[in-house]
Amino acid sequence: MFKSRLKVGTLAATLLLGLAACGGDADPDPGDTGTGDTGDGAPAGEAVVDFMHIWPAGSSPDHHRIVSDIIAEFEADNPGVTINMEVLENEQYKNQLQIISSSNQLPDVGMTWPAGFMVPYVNGNRFATLDDIFDEELNEDDFVAGTREAYEFDGQTYALPVELNIAPVFYNQELFEENGLDVPETYDEFLNVIDTLAENGVTPIALGNRDRWTGSMWYMYLADRYGANALNDAIDRSGSFEDEGLIQAAAEIQNMVDRNAFIRGFNGLSDQEAKAEFMNGNAAMYLIGSWDLPNFTTNEEVPQEFRDNVGFFKFPEVEGGEGDIDSWVGGPGVGLFVSEASDVKDEAKQFVKYFVQRWGEESVEDAGVIPGTQVDTDEVELAPLFIEVLDELNNASDITLFADVQMNAAVAETHLTLIQSLFGNEVTPEDFARQHEEALEENQGEDEVDFDDAEDDADADEAVDEEVDEE
Amino acid sequence: MDKVMSNKKIIALYVLPAFALLVVLVYVPIFLTGYYGLTRWDGIGERVWVGFDNYARLMGDSMFWRSAYHSFLLAIFSLLSLVGYLIISMILAGKIKGADLFRKIYLIPMLLSSVAIAQLWMRIYHPTNGVMNRLLTSIGIENPPLWLADTSIVLYAIFIPIIWQYAGFYILIYYAALKNVPNELIEAARIDGASPWQIGYKIKLPLIMGVIKVTIVLAVVGSLKYFDLIYVMTDGGPNGASEVMASYMYKQAFRTYNFGYGSAVGFFLLLLALVVTWLIRKVTESKEDNVQY
Amino acid sequence: MANSDVAPDMHKTMWDNPTVMLIAKFILYVFLIGVAILQIFPLVWLFLFSLKNNQEVFNLPPLALPETPRWENYVTVWTQGNIGQYFFNSVLVTGSAVLLTIITASLVTFAITRMRWKLSKPVLGLFMVGLMIPVHSTLIPLFNFFLNVNLMDHLLAIILTYTAFNMPLTIMILLGFYNTLPREIEEAAIMDGCSINRLFFQIILPMTAPVVATTAIINMIYNWNEFVFVQTFISSDNLKTLTVGIQNFVGQYSTDWGAIGATLMISIIPILIAFFILSNRIVEGITAGSVKG
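Read top to bottom, the protein sequences are chains A, B and C.
So for the first sequence, this note's numbering puts the first residue at 11; every next one is plus one.
So for the second sequence, this note's numbering puts the first residue at 2; every next one is plus one.
So for the third sequence, this note's numbering puts the first residue at 2; every next one is plus one.
Keep in mind that a hint or two might mislead.
These stretches of chain B come out as covered by chain A in the derived footprint (C-beta under 8 Å, 3 or more residues) [to be verified]:
hint, stretch
1, 23-33
2, 44-50
3, 144-155
4, 239-245
5, 248-262
Worth flagging that the hints you see were computed from the coordinates, not collected in a lab.
We put the beta carbon where it would ideally sit given N, CA and C, even for glycine.
Make the full structure from the sequences, and use the hints.
This is how it looks when you write it as structure tokens:
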């Protein structure tokens, strides 16, 4: 059972806060030596903390630089502790994490995705709990409400968030103007935008659906606008996937496909390829998480002309639908975990704490990342587009966690495959819903742990170490 | 003579190092995989013994059988392409000026890593900017195929770079074998008035039959466990239209954390390859067969 | 690919006619050149787009060069990261593994084909079954093994794994050749009181030069391009090989066609050069082999 809707009411607090610059209090135990992992020899009396992250210098130069800076600062503040960094690209990272974790060789500190992704690791007792690092400098209140909770199982925190995202529809203002279009506020207007663009020979939407989670976001918005909470209810089994709103949303996806809303060959394109089409002005709209904001604001490698041209709008409301225009798809991205098997656990935890704090201060301004910790926007200079997105985040009525992250791995795989079939017109909306329902039903209770807000710990017993149900 | 050639010490000395490597690094792991296939395991937590449950599930798993069908299709295509490779090799091994240069050019794709080939062909097949569709559009085809997005052609679209990639490999093997056919035999036939066609068909072909059988096994087994390009180019999609057994195994084991089930798929794939190899042996068996494989 | 025109079934008298001969040759060359173009055209296109930026890739005709070729793509790629170190590691790993594989595999093949012992067939069978094992299903057990013997993050783990996994294929290719070696040679040698070790190293091994060259090329290609094992067993950046470095780079720059193109070109060029140098030797070897018959 996942508590997937973040409580965003308290998000107003986002704009408040001053994070005390911190540091220097990590006092490494001199007896705690070596890495225990890769066996690279460290001089006696020193602790080496292995740290794996997913931001290579090439694709995420800003992220990479900030991480390296924070590491350098941490090492300067904590003599005797060395951070040994390894960087892998997203997909490779996920594979590697599973292999090394099977032999209990996780790095001392690494990155994890929230909710469903963490379940096997938490069940297998691979991640250390991090509640004991909270103190007056950094505690639960410093995180945007609902973000830390996404990494919480059975009332215990297993990772700390470093990102928070929402997914707006970005659009090319010049292409809209050339075609005499305004930002659509209703779904009918949105369809009109698509039809006009398609008639004028402009690709309306860049979509890289080989990656599948991209198409899932479009579906999630329609599901939200038609059925409000229906998708979450279906996933946490308090409702059924064969909900009318969910079926209707699936039918609308196919309606959009029939109107040639999406770029040619979208099911064979990766998200990166689709993004390139949008950024070359070959497509008018692109739905993506706010993690891509730097490409539209600060990234110097993208032509200024293009960056000035990008705007965004909220996915419009559907007439007669139950959803709310201020409800967003998004949620926390990666978080930092500490390995339970680490023999430098104290230093690792100190590093995580230090990292999360410094990251909160640095990332907004330098990398255009919305951190999981709260941000004081007065203190930093930000691109207007970025401020607008932050404002939307603050006004959000709801943030629905990406469906494939909410679900456990097996159901997520089914979901993603069905998304591709739906966009490819290979499954009817009814079958789409039915097959989801079957997969959810079959995997109910399997591999799941409780995933609750701190407030309702009541039913938390049936949790982490509970043995996997037999079929 | 016999005594010398059956010296146990020497035999052990020659065979054991290789054998030890094979057992430790190939057989022990695959048997462990076989064991994992009898458990329910997410790759991380506790293994739970479930007996043959995973195999029972495999039998009724339509997605697995679909990917098995795709793997067998690939095997058939590879076999057909062997004929092409063989013809090219026979031409090259004849008296052709520049044969060496051609042979080298043909081998070039083989020098590329699968990652590079996948990246290259994804760009060739790009629906709007790819060279394939740019060429098709320029000769007046308005709606060129969506190579990797169309479920009805994606599998064949991936076969093409696979055949392209392996051309040099098989041509190299055939060419080396053909070059080892004794010249005297060919000359004798020529003097008897045999046409180049007859020399190829009646003299060279039978003499390299052993090598051909080896390549048949290689092509079929290689196809059954094929993984690389499919993983990078389509990830088995769209909607499983290009899923093969190895990519399905990988997905189960590493993507959906069904390591136990994934191991069962991997082990079953091995069994299938064994059966198919045995069948090929039976079919191609001949009296004068002195090549073992 | 197979074109039946190239091997016309005609009466032998026709082959005495120089015009017919000329036409036949012409058709053959057209065919060979056609195949050659198919094999290298994608690489030419790769080279062209490695000199463009995205704007030019998308808007220029595929075979047009941009006004100013963007060589800076190559500079960017070359100056990023550790390419020199990766290259050195690749050479070291590939070289050692190829050498080790060929020696151990030759020893085994010799013992199996030339020496007499009861278990030779079953042992050969075991080696051949190794061919059918899908590598991905052995990853987790192998990882565990190297961890236990302290070879994790060590190039030896990679070299041994390559040797073990390439052994079956190498033996398979060697077998056919060893079976064609005349037995009289070793009988004569043994009569002269030659030891088995000398027989193998000084007489048989040199005789197998052509096939050893073939297997060396094949092993070299496989090892040079291997990716999964390095990615899994090596974590230190200064021990990674070129393919892994390239793959990481490709993952990072996936939207920049020019940079990807330049990266792929850089990964191809060294092996291309090595191949063209080596392959002349191999052709000599093959020809020498064919003279001996």
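Going down the list of hints, with the structure as the test:
As drawn, the stretch 23-33 of chain B meets chain A at 0 residues by the rule of a beta-carbon pair under 8 Å; below three, the given contact is violated. Counting residues of the stretch 44-50 of chain B whose beta carbon lies closer than 8 Å to any beta carbon of chain A gives 5, which meets the minimum of three for the stated coverage. Interface restraint, the stretch 144-155 of chain B with chain A: holds (7 residues with C-beta to C-beta distance below 8 Å; minimum three). With 3 residues having a beta carbon nearer than 8 Å to a beta carbon of chain A, the stretch 239-245 of chain B meets the requirement of three or more and the stated coverage holds.
Beta-carbon proximity to chain A at under 8 Å applies to 7 residues in the stretch 248-262 of chain B; the threshold of 3 is reached and the given coverage holds.
Violated hint: 1 only; the structure is consistent with all others.
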